[in-house]
Amino acid sequence: MSDILLDIRDLSIIYATDDGVTEALNGACLQLRKGESLGLVGETGAGKTTLARGIMRLIPNPPGKIVSGQVFYDGRDIMELSEKEMRALRGRQISMIFQDPMTSLNPVMTVGEQIREVIITHHPNLSKAESRKQAEEMLEMVGIVASRYDDYPHQFSGGMKQRVVIAIALACNPQLLIADEPTTALDVTIQAQVLEMIHGLKVKNNTAMLLITHDLGVVAQNCDTVAIIYAGEIVEYGTLQQVYKNILHPYTEGLFGSVPRLETNSKRLAAIDGMMPDPTALPKGCKFAERCKYATDRCRAELPDMYELEDGHKVRCFRYEKEAQ
Amino acid sequence: MEKTKTNTQRSLWQDAWRRFRKNRTAMAGLIFLCLLVLIAVATVVIDVVTQKEFYNTYVTSQNLVERLKGPSLEHPFGQDEYGRDILMRMLWGVRYSLFMGGIAIIFSLIVGGALGALAGYYGKVIDTVLMRFMDILLAIPSMLLATAIVAALGTSLVNVLIAIGIAYIPTFARTVRASVLTVKDQEFIEAARSIGCNDREIIFKYIVPNAMAPIIVQATLGLAGAILSIAGLSFLGLGIQPPTPEWGAMLSNARNYFRDAWHVTVIPGLGIMLTILSLNLMGDGLRDALDPRMKN
Chain V
1 MSDILLDIRD
11 LSIIYATDDG
21 VTEALNGACL
31 QLRKGESLGL
41 VGETGAGKTT
51 LARGIMRLIP
61 NPPGKIVSGQ
71 VFYDGRDIME
81 LSEKEMRALR
91 GRQISMIFQD
101 PMTSLNPVMT
111 VGEQIREVII
121 THHPNLSKAE
131 SRKQAEEMLE
141 MVGIVASRYD
151 DYPHQFSGGM
161 KQRVVIAIAL
171 ACNPQLLIAD
181 EPTTALDVTI
191 QAQVLEMIHG
201 LKVKNNTAML
211 LITHDLGVVA
221 QNCDTVAIIY
231 AGEIVEYGTL
241 QQVYKNILHP
251 YTEGLFGSVP
261 RLETNSKRLA
271 AIDGMMPDPT
281 ALPKGCKFAE
291 RCKYATDRCR
301 AELPDMYELE
311 DGHKVRCFRY
321 EKEAQ
Chain F
1 MEKTKTNTQR
11 SLWQDAWRRF
21 RKNRTAMAGL
31 IFLCLLVLIA
41 VATVVIDVVT
51 QKEFYNTYVT
61 SQNLVERLKG
71 PSLEHPFGQD
81 EYGRDILMRM
91 LWGVRYSLFM
101 GGIAIIFSLI
111 VGGALGALAG
121 YYGKVIDTVL
131 MRFMDILLAI
141 PSMLLATAIV
151 AALGTSLVNV
161 LIAIGIAYIP
171 TFARTVRASV
181 LTVKDQEFIE
191 AARSIGCNDR
201 EIIFKYIVPN
211 AMAPIIVQAT
221 LGLAGAILSI
231 AGLSFLGLGI
241 QPPTPEWGAM
251 LSNARNYFRD
261 AWHVTVIPGL
271 GIMLTILSLN
281 LMGDGLRDAL
291 DPRMKN
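Going line by line, the protein sequences match chains V and F.
Going by our numbering, the residue at position 299 of the first sequence is 299; the numbering climbs one at a time, nothing skipped.
Going by our numbering, the residue at position 249 of the second sequence is 249; the numbering climbs one at a time, nothing skipped.
Simulated from the structure, these hints should not be mistaken for laboratory data.
For clarity, every value in this text was computed on a predicted model and none was experimentally measured.
Any given hint could be a false lead.
Sample of chain F residues facing chain V (criterion: CB under 8 Å; computed from the structure) [to be verified]:
#, residue
1, Glu190
2, Arg193
3, Ile195
4, Tyr206
5, Pro209
No farther apart than 27 Å at their CA atoms in a straight line, the calculated lysine-lysine pairs in the DSSO-like style are these [as the list claims (entries may be wrong)]:
#, chain 1, residue 1, chain 2, residue 2
6, V, Lys65, V, Lys284
7, F, Lys184, V, Lys84
8, V, Lys245, V, Lys202
9, V, Lys245, V, Lys293
10, F, Lys184, V, Lys65
11, F, Lys205, V, Lys84
12, F, Lys184, F, Lys205
13, V, Lys204, V, Lys133
14, F, Lys124, V, Lys65
15, V, Lys84, F, Lys124
16, F, Lys205, V, Lys133
17, F, Lys205, V, Lys128
Cβ coordinates follow ideal geometry from the N, Cα and C atoms, glycine included.
Chain V extracted, bound-state conformation (with noise of 0.2 Å):
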């Protein structure tokens, strides 16, 4: 299908470090068509950050590398391309949201400047006044004023810095926008603000976006499919439909346990028990063998595959074995 914009394949990354090999992701596989979200869901330190960095080949080597897989964009595999080639590729078609607006722009840069950097580093050609108007207009499409442009990132909100931020990633029209918990560092109504700008302009531009997030709520709103991520791996995959209606995998099972809902009156949230197992020591079976409540001797023996259902729903659990064939 020629409408598949980003395709990873059985991507794994670890980290070497003195403490032992952390294996901070282990086969991924996704899918991302032109204009869709994937939502990326799981918990700390489940990879999904190194995900991220992986598609960006922004992994820090040492201690991390890519140890297998490809990631195919637009029919190329990033992984073969020169760092010459990568750098022309990342901000111009693939841009990264981070996660902290407070650390991720420069303290000594006006934010104009910041946005004015991305477009000259992907057009040297324009005049200085060019860039500037369409960084001022950049500006001006994440809602804040261009009077602004020669300000400094200490006299701008958290919510302003994190749409700075935002216009930097969009400044060159990027195909794919990685969005690592863009909203995690602010509170509930800028995040608000921020997740409809984001959907606003993606729309807009029709750009396809990996968004990242450990908060459900955020992913129903603005993804067409969705990805659980546990310990490195994919466990769970399908569309926002096929996910929030048929929980196949316990862990997605345990995750919407672990949100309030509106309609029933329950006084305690449902905890998964148990921690995620030490990325150093992977046990070899299913990853989650240890905290689920269907374990079976086989689940801790051995790995299950990715079983994909009629309707393209894919989990990783022995649970669906006979369902899937």
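On the provided structure of chain V, position chain F as indicated by the hints.
Below, chain F alone, put in the same frame as chain V:
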């Protein structure tokens, strides 16, 4: 803040200047230094225009009858052991301290800064090799190192510059490396990489400006040190040779007459001290002014 966001065109430097102006002691230092620069330039101009005639008549001409005479109306700072006017000699000496110190510091800032940035940014082997070499240089006291270099190369103006320049390289390399290290792991550097910046852009647009404040402070303090070193080398007889009116050399010559005439030592000493003091005050003020996190 009574003036709100109407002032749109306000650069980092204008902002820093605004804050610097509020700092009175730093301003005093700056004014004194500007005065010194003016004097240095003016004396050079006078030399060129009068083809050293003024210099020969008033600065080096001896008057042995009036040797070691105290301050008077005609000679406000008194006269030295050869009856030369100390005020004139002080004025003509400014250029050596200021310009030579400046050149030496710029030299070591460029070399040391580049080495430090390389070591800090690329790390690993480059870092280890460069920094261990700097450690070796640093292990030798800078004055001793400069003395040794001058002794090896011979006493001349250029050799003094080279000696002091080399002696200050390790301090700059260390300062720059340290600031680069603190800046390079911050998220905005990764953000810069994620918009497609290359190493050069990241170093010069993101890391260096953020690491600037300690470097500028180090440079002003280093300039003070370099001026002292030049004076020190001249005092030891290894720097600028008499009859050139260099402050350190003047001080050295005056040593012998210290008991008979206080002014011959105090005046050059005060000159050196005030210059160093104003540089230090200015360095302090600059550090405060250049830190954008300390705005308003």
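> In ascending order, which of the hints set out earlier in this document are inconsistent with the structure?
Replying inline: When the structure is compared with the hints, none of them turns out to be violated.
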